[in-house]
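Trainee: As given, the protein sequences belong to chains D and F, one line each in that order. Per the numbering used here, the first sequence starts with residue 79, numbered consecutively. Per the numbering used here, the second sequence starts with residue 79, numbered consecutively.
Please note that the accuracy of each hint is not assured.
Stated by the list, open to error - If you anchor each label on the Cβ, the simulated ranges turn out as follows:
| hint | chain 1 | residue 1 | chain 2 | residue 2 | range |
| --- | --- | --- | --- | --- | --- |
| 1 | F | I131 | D | G219 | 46 to 54 Å |
| 2 | F | D356 | D | A97 | 46 to 54 Å |
| 3 | D | Q265 | F | Q265 | 49 to 57 Å |
| 4 | D | E355 | F | G92 | 42 to 50 Å |
| 5 | D | V343 | F | S90 | 33 to 41 Å |
| 6 | F | G92 | D | E134 | 42 to 50 Å |
| 7 | F | S90 | D | G267 | 44 to 52 Å |
| 8 | F | D95 | D | A97 | 37 to 45 Å |
| 9 | F | P96 | D | P96 | 28 to 36 Å |
| 10 | D | R174 | F | P247 | 30 to 38 Å |
Stated by the list, open to error - Derived list of chain D stretches under chain F, where covered just means 3 residues or more per stretch with a C-beta under 8 Å from a C-beta of chain F:
| hint | region |
| --- | --- |
| 11 | 153-163 |
| 12 | 224-234 |
Stated by the list, open to error - Selected chain D positions facing chain F (Cβ under 8 Å, derived; list incomplete):
| hint | residue |
| --- | --- |
| 13 | I85 |
| 14 | T121 |
| 15 | H205 |
If you are wondering where the hints come from, they were derived from the structure by calculation, not from laboratory data. Note that beta-carbon positions come from the ideal geometry of N, C-alpha and C, so glycine has one too.
There are 2 protein chains.
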Amino acid sequence: MRELEFIEWIYSQGRFDPAVVPVGPGDDLAVVQVGPEGLLAGTDQVLDGVHFILGEHGPRAGGRKAMARNLSDVAAMAALPLAALATVSLPKGLSRHDAQEIYLGMREIGDVFDCPLIGGDMGSWAHPLAISVTILARPRGISPVLRSGAKPGDAICVTGHFGGAWRSPRHLLFTPRIAEARVLAGQFGLHAMIDVSDGLARDLGHVCRASGLGAQVNAAAVPVSAAAGPAGLAAALHDGEDYELLFTLSEEDANTLLDTQPLGVSVSRIGTMTPGEDMVLIDSAGRRKPLRPGGWEHQT
Amino acid sequence: MRELEFIEWIYSQGRFDPAVVPVGPGDDLAVVQVGPEGLLAGTDQVLDGVHFILGEHGPRAGGRKAMARNLSDVAAMAALPLAALATVSLPKGLSRHDAQEIYLGMREIGDVFDCPLIGGDMGSWAHPLAISVTILARPRGISPVLRSGAKPGDAICVTGHFGGAWRSPRHLLFTPRIAEARVLAGQFGLHAMIDVSDGLARDLGHVCRASGLGAQVNAAAVPVSAAAGPAGLAAALHDGEDYELLFTLSEEDANTLLDTQPLGVSVSRIGTMTPGEDMVLIDSAGRRKPLRPGGWEHQT
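Pulled out of the complex, with its shape left as it was, chain D reads as follows (with noise of 0.2 Å):
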């Protein structure tokens, strides 16, 4: 069973009441109807010898991912943290100082944000670490941006460069792109965002599945990180752990940003929405190729 499968079928099992949940899960958070603007909530997890390695990357690493993911889910949104909530499963023997770091690690990053930890559970047993998060976030003026609003012939654009995140320290060390996704939603009219976790070509599916379209990307424009090594433009669209965000805006509102690049971090437009549901690649002689999800997904 994949991931995607089975969150498809927790997904046809709900049902919400709008006015209550407007947006369910689905999305990188989910909102409730709590207060004039509404309230988003989602959670991420990290386990180790899956998204982190204990004994190679220490406790406070760990604590730091699993905090930065769900701050990333926040920037996905163009939304400000508000605060988290984490339960932690300790191997048994962990030293003190270790549990300390884990808590420490997902207070740096969330210090960074004024998101304070507000609430915990923590559990000891003869197995591995596991670190659960969720976040709490609101849209202090600005609308969620979902994954369902891109339009035909929308641009295709992201932030930074692709690929070789887990073999480099970014997957640990990364910053959330909360301040970027808060100039992009606020000075520009994005349709839909996303951040890179699964994959530069998984998650520009989800924003096409979620939007009724397909799309096309050239791969020349595609921004290839050095960390990606020899496999390049591949572990770019593939890779996954970027943690970078990918979202679609009118072609002039895209020009107009791509001229100006007003963040510290570059933005590259990748390709275009089309109509249909098809991904597809071009290459730099013009060939066109079916571009398909081979990203980074959790099996079960």
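Add chain F to chain D, keeping to what the hints say.
Mentor: Showing chain F alone in chain D's frame:
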């Protein structure tokens, strides 16, 4: 390291802006300032082999318990649940059917309280099942009842019976006392409340510490469950996993409550809050001895 000690270290690290987080970690749920009434949030996990046994109790029971533990925290604040989020670490090789059962167990008890599952994350690993649930709740006209509000002279009351829950189906099949808590807090002036998960003595200790008070408990007044077995009173005081409510209120309100018994479950007065910080157990011969928390606690 004991859980309490570590949790207290975490509290000591936190800096909370009371305009944003009026009630930080340390109560059953935290309160964040969203909307006119505030939002409550908390998180609790269920680990295979610690809180339930997958091979014996089945996946649905694990999902149900993970959700029900959190709903019991909502009851302890006299709030109403709004929505929940969950992460699950699935043991590799678990069938799709079993994974669905976990989800359906969460839904089974969530649906009773109109508490939809609005977000989640699933990972797979070669280790046991861990389920982490975060709950969001609202006051809905009743101010959250904290652990810290008990007053000297308050009657200490409880719902239901205590002891042996871990050896009975109760710890898996309990219905969180949300309806009862709403009646109690809506009709009586509750000063403090907690749900009894760690054990009657230990959870009373949490109320004493948070309120800066002591307590005396009349041994003969403690309602001992038939499931408590030969250990009797000791099991009732220390076993935990009862998921009943413990609360304090004025002598006058308590008398009215005990006379009218407005709940479907019996309410008993077990003792009185006292100045100082000692917890004392008074036996049937009038002898006083220290009441020490000996309840179930996650060891770390």
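Trainee: If a hint holds in the structure, say so; if it does not, say that too.
Mentor: Status of each hint after checking the structure:
no.: 1; hint: F:I131 <-> D:G219: 46 to 54 Å; in the structure: 49 Å, holds
no.: 2; hint: F:D356 <-> D:A97: 46 to 54 Å; in the structure: 50 Å, holds
no.: 3; hint: D:Q265 <-> F:Q265: 49 to 57 Å; in the structure: 53 Å, holds
no.: 4; hint: D:E355 <-> F:G92: 42 to 50 Å; in the structure: 48 Å, holds
no.: 5; hint: D:V343 <-> F:S90: 33 to 41 Å; in the structure: 37 Å, holds
no.: 6; hint: F:G92 <-> D:E134: 42 to 50 Å; in the structure: 30 Å, violated
no.: 7; hint: F:S90 <-> D:G267: 44 to 52 Å; in the structure: 46 Å, holds
no.: 8; hint: F:D95 <-> D:A97: 37 to 45 Å; in the structure: 30 Å, violated
no.: 9; hint: F:P96 <-> D:P96: 28 to 36 Å; in the structure: 33 Å, holds
no.: 10; hint: D:R174 <-> F:P247: 30 to 38 Å; in the structure: 36 Å, holds
no.: 11; hint: 153-163; in the structure: holds (count 3)
no.: 12; hint: 224-234; in the structure: violated (count 0)
no.: 13; hint: I85; in the structure: 7 Å, holds
no.: 14; hint: T121; in the structure: 4 Å, holds
no.: 15; hint: H205; in the structure: 5 Å, holds
The structure is inconsistent with the numbered hints 6, 8 and 12, although it conforms to all the rest.
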